[in-house]
Amino acid sequence: MSQPHRLAEGGRIDRKRPLTFTFNGRVYPAFRGDTLASGLLANGVHLVARSLKYHRPRGIVGAGVEESNALVQVGEGARSLPNLVATQVELYDGLSARSVNVFPSVGFDLRAVNGWFARLMPPGFYYKTFMWPAGSWRQYEHQIRKAAGFGVVPTGADPDDYDHMNVHCDVLVAGAGPAGLAAALEAGRTGARVILMDERTEPGGALLAGSGRIEGLPAGRWVNRMVEELASLPEVQVLARTTVAGYYEHNFLLALERRTDHLAPGSDPGPRQRLWRIRAKQVVLATGAIERPLVFCNNDRPGVMLASGVSEYIHRYAVLPGSRAVVFTNNDSAYQTAFDLLDAGAQVEAIVDSRPAGQRSAEARERGLQVMNRHAVVDVRGAKRIRGVRLMALSADGGSVSGKGRLACDLLAVSGGWSPTVQLHAQSGARPAYDARKVCFVPGPSVQAERSAGACRGSFDLQACLTEGFRAGAAAAHATGHGDGGLSRPIPSVEGREGDPIQPLWIVPAGKPVSRVPKQFVDPLMDVSAADILTAVREGYDSIEYVKRYTNLGMGPDQGRLGNVNGIAILADQHGTDPGSIGTTTFRPMYTPVTFAALSGGEQKELFDPVRKTAIHEWHVEQGALFENVGQWKRAWYFPWPGESLDEAVDRECLAVRRSVGVLDASTLGKIDIQGPDANVFLNRVYTNPFMKVPIGRCRYGLMLDENGMLMDDGVTARLGEDHYLMHTTTGGAAHVMSWLELWLQTEWPELKLYMTSVTDHWATVSLCGPNSRRVLRKLCSDVDLSRESFPFMAVREGAVAGVPARIFRISFTGELTYEVNVNANFGRHVWEAVFDAGEEYGITPFGTEAMHVLRAEKGYVIVGQDTDGSVTPVDLGMERMLGRKKDFLGKRSLFRSYLVRKDRKQFVGLLTEDPKEVLPEGGQIVDDPSAPLPRPMLGHVTSSYYSAALERSIALGLVKGGHGRTGETVHIQNFDGRTIAARIADPVFYDPKGERQNV
Amino acid sequence: MSDLRQESPLAGFRSNTAAGEAGSPGVILTERPFLGYVNLRGDAGDATFLAAVEGVLRVALPLDPNTIAEGEDVTACWMGPDEWLLILPPGAQTRALAALGEALAAHHASAVDTTGGYTLVNVAGARRRELLAKGCTLDLHPRSFSPGQCAQTNLGKAGVLLIPRGDGSDAQSFDVIVRRSFADYLGLWLQHSAREYGGAGAAVS
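Quick mapping for you: the protein sequence lines, in order, are chains A and B. Just so you know, we're using my numbering here: the first sequence kicks off at 1 and counts up by one. Just so you know, we're using my numbering here: the second sequence kicks off at 1001 and counts up by one.
Watch out, some of these pointers could steer you wrong.
Facing chain B, from chain A, some residues (calculated, C-beta under 8 Å) [as the list claims (entries may be wrong)]: (1) His164; (2) Met165; (3) His168; (4) Arg829.
The set of hints was computed from the structure by calculation and includes no laboratory data. Everything numeric in this text was worked out from a predicted model, so none of it was measured. Cβ coordinates follow ideal geometry from the N, Cα and C atoms, glycine included.
Make a model of the complete structure from these sequences and hints.
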């Protein structure tokens, strides 16, 4: 297969590795080392895209990150990525890509009719047009959204891996062109830790795209030598295909590495993309510059390219993008492109230079080239590929044109000067400044530890890039304590030539008002023309930020890399000022798009959030338990037998506890070990009820309030020794309670002598509940007298259970005789299984959190966070008896605020439906009169509701306004199906109100 | 107690040995389960407290933040101005607790058994630092983190204690100590992150 535009030799492609790729369904040949763009150009394909708004045909413009037309969708299915620029897509054998924003094809696009009506689609068109009739926007939006945007988001789950890498360094160098290579090398030689990142396939930057020589070596060879020395330095890390995209506070930067995008899918086991999170002591920005296009009529036609891009295709990829070329410039750099074209065998019809004759034009004439000084290309001919250009003579000030001329060509290489890539500098918080001599924005004063070197600083000749690079490297390393700030060796010399200054030329005049000539694109990606900017100004949008939003200038995926400076200058002209007074728009991260997958890294699926598991978790899994999330914990929810529903399983589990014995894995409860002579003083302050005199070996239930007097946590605290306590917290509240307690201890009461240690993870808790629990435990524990007399309710004992040292608490959340056996979690499963063996004769039954919820609701026990929501006080719960009268405690004063002593607050009650089979909906709103007009006064809501197998009827708990005084009254609860259900307000303790069952 | 079956929090991962590259896998993960852990609190400004502890451990507690002190059979890790984690051989926590209880009886101090609450995974291999750097934001370079130091930090979303191990400044491996309930998550995290390095998991009891 031939590649008609491939040069016979040269380039950094690997001709020994031919490949094929598919673009818009057609297969093309290319080589390893090609980008999609160079591969297409080698095959003579210029037309690759349609523009966003007018669907004009668009071709490849540049060769690197500056490309703004050639947006493509790469890959198939779930791996497909939209919105990539063809110049950054490296080819691999079998790569498949297609144009975006075309319907039905790039060659014939139906929406191109938008272009015919372009005059009717001024800036703000959508705002202005689709406002009426009111309410119709939704219908318009559907069609507009379909027509807008770049590419298609894949719907399947991404099969690839992504991750993050945190790195620290002394010096981060962004960009591995001449300045960046020099900076990294000089900094690296000092022994500093250096990271050099570059977005391209290999380091070298512009050196790989030109024909210059350094120290007598071809630039490419010199780059190889630099890279070799960098590789020999152990503290230097060089990353290719890595774009430093974000610069944040404290010299924190983000970079995206495209690790395997250049490889066939599935050929590398590692992550596809990696987000680097970099902490750099010093940053050297060597991000280069981007060539600016010139603004003339139809300057967006395929075949109009940046001069630097043309040179890069010739040198780097051995691709000649056209055979008859015209070069149009306002500065010196494009002359090299004319020479490159000539050397590569192209016919150069003319160099059209807006400036009067100078040194470069003399040089070009010596080489036999036609140079048309003080001329301009005012328009091009051809739609899907240019066929020629229209020329006019330009006045000395560049403000008007006269005469006419034509040249036939298939390539127009343009250069409007260079824009330093100041984006990262600006993201760091600094403000770029306008340099009128260089006609570009350059870095302003640094506000973070960063410095710029080379073209990104407005230094466009190679000697300056190298000099600044080496110096920046030395200075940055020195600032981190490495080297003496001086250069390790002399700066390599480059043969340099004096040149002529650039001439600002922001809109090429066309002999008619801007509004009357064919579109002169400023931001081709967003289809913003010079006329649009003028319209915006005329309509009063005079700030660049307004113009940006009104016209979409710089709003595309390239964030105005290509077009913004021209746009700013055109706006400045309208105001009769210079671009520096207009300033730039805000540069925000990311410099180039970063995929969401890379941002999320590996934090997805099971790694999205930690799942905490108990020591007995696997047993639950083996028994077929279903789980519920409680905070980050997975707790066994219920243990269904085959064919059992949730309700059936829960009924069975509840009855087992009430009639014989059930076992709950209570390991997730928060546990805090408290030791010290002031432990009781401390507990007495943080709990509402008295804790000064808990006997050793006994437990006490406590309520913890926040500063507002609202219930925050509850649990049982046991006194294990003279100065030794163990506090239990709720599962979900454990971490918060621990920091709450430490906060008070460390900041308010540092004089108290006590230490707290979280022991939640150390203990596995096996809770045996039910009338037979004593019999089961007795089989496993011989060294503790389990009798009621010597080990009463609310006591704690130590002994061995199944041979394992254990703490046994006689506390109960079910109202039944309960032993909570705590052991070192390494033995948790051993003890758990021993309990089941021992309990077999009693039909011992594992029960989950759902049965536990039912059992405690039968007893009217609240669950903090379910029956309370941070706005409920102990008084609301009917627990005044828990409030110490003779002592102070956290939240006490708040309880006496007028709002909290009102009698009509929502109060905790039981609810019994008239129909015992009817289970109230949790969350259901409670009203007095179900037929009252809407909005109906709402009294509260149902907080907990279950069917109780033990009581053979439904039970519910809820909060009702003034509920404590309404026992026996009937209220109505709104059901989800629209019905209301009548229920009687009752005491919340439904089962064993005297508590006899737990006290046996 | 030795006849009783203990179960490590990473039991599920121990058998899950990913096939590494032949020869030297980039990452070698080894769990050291059932070590003894004691959380010690006390007044670092009280010389008698320090002396009492040293009498038991036969090594002085580290007083510089984020450092460790290694005795014959104990690693003492600085966790805070008045807090240390003692890492002991399996089972040794019982005697250590008893001895500390006795030696510190007259002091305001606490020594709490947290043996069941942790497990330890040793991360070795040529790519050990890169593996950890995927989920840890600290600087793990030998110039800033080397044997003798320790750090309480995050690995992924799990809180861990990180201890560089080995001779000299370049840690040959890192001990990662994680709370029991997070071990399963950490195992998944390590497995996922080590995949590209040909990571191998193995356990030594």
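Quick rundown of the hints versus the structure:
no., hint, in the structure
1, His164, "6 Å, holds"
2, Met165, "6 Å, holds"
3, His168, "4 Å, holds"
4, Arg829, "5 Å, holds"
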